[in-house]
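Novice: Here is what each chain is made of, one letter per residue.
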Amino acid sequence: MSVDLGPELEQFRQQTRSLLEDLVPEGLAEVCDWYLGVTILGGSNRQARADGYSHPLYAEWEARLLEHRLVYPQWPEQVGGRGWDSVRTAIFAEEMYRLRVPRIQRGFGADLVGSALLLHGTPEQQKRFLAPIIRGEHQYCQGFSEPNHGSDLAAVETKGVIDGDELVVTGQKVWTSEFEDANMMFALCATEPDQQRHRRLTFVILPFDADNGIDIRPIRQITGAYDFAEDFLVSTRAPLSNVIGGFGNGWKVAMSTLDTERTGQVLWSYLAFEHELRRLIGAAHANGSAADALIRQKLAWAHTRTQVMRFQAHESIARLAAGQPLAEHTFASKLLWSEYQKFLGDLALHIAGGGGLVRPPVAAGAEDDYLLDEWQDLYLAGRAATIFAGTSEIQRTIIADRVLHLPR
Amino acid sequence: MSISVLPSPEQIELRGTVRRLLGDPREAVDRLTANHQAHRRVWDALSEIGFFGILAPQEYGGFDGSLADVAGSLVELGRAMPPIPVLTSLLTIHTLTHSSADDAKARWLPPLIQGDRSAAVVVDGACLSAAEDPSSIAATPRGDGSWSLQGRSGPALFAGTVDSLLVQARRPDGTPALLVVDTADDALGLSPIPTLDGSRPFAAVTFDAAPAALVASGEEAERLLLRLGQLGAFLLAAEATGGADRCFDICREFVTVREQFGRPIGAFQALRHRLSDLFVEIEASTSLVSYGAAVHSDDADAFTAATLMAKSHCVDTFTRAADEAIQMQGGIGFTWENEAHHHLKRAKTADVLFGSAPAHREHLAALLLSE
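Sequence lines, in order, name chains Z and Y.
For my numbering, add 11 to where a residue sits in the first sequence, where the first one is 1.
For my numbering, add 6 to where a residue sits in the second sequence, where the first one is 1.
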């Protein structure tokens, strides 16, 4: 059931649908389940998808989407996108899901640095940084959190000092996800130490490799994977033209990227949550736990939650299409989905029962000795969901401050 | 099929009008103990704006409107909690409308639609019957096309304060029947039954060869009863959303004003975070009600699922909000004079009427697991 967005957008949907149907290589949807395990940052069920990414059909698909400027279509035409608004981008995502084919994503960092550049970058910077992302030449990781500054991001200590026509950055960042594939980092550093809290910082793009003074130390997660790292920046350099939004404006740049999340993935991520729940229902059927009264109650509750996400996404899309401001519930979407994800991970192992704790066997001599199945991975990886991108506690405080205007 | 998810300007306006005519929620408690005339005034104000005709067909003086037209108003009714039989009258009008009993419709619908008459539904979902003492009403045909009712009901919502009753009964062959009766008839006895919730009076009804008009029997009656139960659950979910929102406002106002330890208590993180969590749940309630209203006229299966989700979530949330309204106010939240306990008791009642939250979730699970 789709939302009535008027004839123009309906026509856009039909055109998009036809185009995609023409472009999709046959068999792509069957290569793997592209939509399972994409709900968590970094994803669970990654091995299955990793195999998919190296499949020739995926390469074919990527080439076709690139050619048609459909890799980041919400970015401007001059950088290789189509300049679509968030409503069209959401419709595009829905149509991709309908065919069960993957969007081409260049890491989670791309969306964040993309927003920063679109809101605060010059056209030259947009071209210089966004085009290589689309082409797959640049992949970004985020240099925000530090060992001493996570939730209190405004107080980061990594220093940025001007040296001629370069900015020299020294300090330490942590929890950099997707560091393995990254060759670029967007970072917050303190360039104006004498200024007030929210005017100390600068948002800068840094080449991310050992040649640029970056020493990466992977950190193992509870899932067994080494999916994030701490990074020591020792005189890491970037041209001054890599500063986005101007010196001392870094906090504002960073905050505005977080705001754009309200019109980004949240408009279609409910599709992945529904997909995941359907898989879990299948698992409950398969092992007979679907007859358990408590599991049934929890499945019903989970379904209700996904439908709330669906309706809220549709309502946001309708408001955007009508030029109306977003509703207040959009401030709660991260809290809603991340807490849901933890609940679902618990439910998944409840359904799996004792046998569900047995890990998949590891091949002799394999590098990774702690393999997980999809539900174990969800259960563990889900613990991160309520911590990254603003902890649940911070989300509640944001709601209390910005929506409820409670006393401070 | 596509649905409209944003309220139209007319729907927004109607909701605003209803909200205003219901009066300031802060005076709701005074209104509960007010005399009958005050309640009559609210009822008449709703009649005057044609509220009871919105879901009814033009043929009988209605406006052929949609559930989306009235959903927002039901939320407002839950917020202001006037002790008037709006919900049950709407259910009666809706059920009659969808029946094939033309004579009964022609006689009973117009005055209900005008608001000249009010109705309650003596059906299982609306009765607080003890498990060991269910409603038992027998419907027997007389020779002349009319019917006779015999038996007694459990405590039925608003049954003692209306002039018309839509009654669920059993025919001699055991199959269900739906009939309408006039409460003024001597053959009916109405006994007010005290329940936890003082804002919604219940009464047990006894029928002693009471004359009744048949609305539906057999399969049609089953269908209509299912529909009635579903719509009843949905309307309660909408009311529950308004009640939860009112409780939220009670909390928010109180923690902003009440000071302890040298600051408003709303500055303490524990309360801020609990209110943020409650905000999330109430927004979810609002979304589920909007979604149900949007799909009601076009997709019966989607509406069934929407009602199961809305009734379970919205009533659970209402209970939680009412609990918080008492807890956050501290000692005074526990007083009779305070508004909070009315909402707590309304939430508990809403939980029991037209199917509990676990029952709805079980039904939803059955649907999900059958695909």
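It is worth saying that the hints were derived from the structure and are not from the lab.
All of these numbers come straight from a predicted model, not from anything done at the bench.
Be aware that one or more of the hints could be misleading.
[To be verified] Ranges of calculated distance between the beta carbons of each label pair, as one might list FRET restraints:
id	chain 1	residue 1	chain 2	residue 2	range
1	Z	Glu-37	Y	Ile-55	58 to 64 Å
2	Z	Asp-303	Y	Glu-54	31 to 37 Å
3	Z	Asn-298	Y	Gly-224	38 to 44 Å
[As the list claims (entries may be wrong)] Here are the simulated DSSO-like cross-link-like pairs (lysine-lysine), alpha carbons at most 30 Å apart as the crow flies:
id	chain 1	residue 1	chain 2	residue 2
4	Z	Lys-353	Z	Lys-309
5	Z	Lys-138	Z	Lys-170
6	Z	Lys-263	Y	Lys-354
7	Z	Lys-309	Z	Lys-170
8	Y	Lys-351	Z	Lys-309
9	Z	Lys-138	Z	Lys-309
Backbone N, C-alpha and C fix where the C-beta goes; we use that ideal spot for every residue, glycine too.
Novice: Hints first: check each against the structure and report whether it holds.
Specialist: Taking the hints in turn, this is what the structure says about them:
1. For the pair Z/Glu-37 and Y/Ile-55, the beta carbons lie near 59 Å from each other, so the given range of 58 to 64 Å is met.
2. A hinted range of 31 to 37 Å for the beta carbons of Z/Asp-303 and Y/Glu-54 is inconsistent with their spacing of about 53 Å.
3. One distance hint, 38 to 44 Å for the beta-carbon pair Z/Asn-298 and Y/Gly-224, holds here, with the actual separation near 42 Å.
4. Restraint check: the Cα-Cα separation between Z/Lys-353 and Z/Lys-309 comes to about 13 Å, which is no more than 30 Å; the hinted pair holds.
5. Taken as a hint, the Z/Lys-138 and Z/Lys-170 pair is honoured in the structure, with Cα atoms around 27 Å apart against an allowance of 30 Å.
6. Our distance criterion of 30 Å between C-alpha atoms is broken by Z/Lys-263 and Y/Lys-354, whose separation comes to about 47 Å.
7. A threshold of 30 Å between alpha carbons decides the hint, and for Z/Lys-309 with Z/Lys-170 the separation of about 48 Å lies outside it, so the pair is violated.
8. A hinted pair counts as satisfied when its Cα atoms are at most 30 Å apart, and Y/Lys-351 with Z/Lys-309 qualifies at roughly 26 Å.
9. Annotation: proposed proximity of Z/Lys-138 to Z/Lys-309 is violated, straight-line Cα distance about 48 Å (limit 30 Å).
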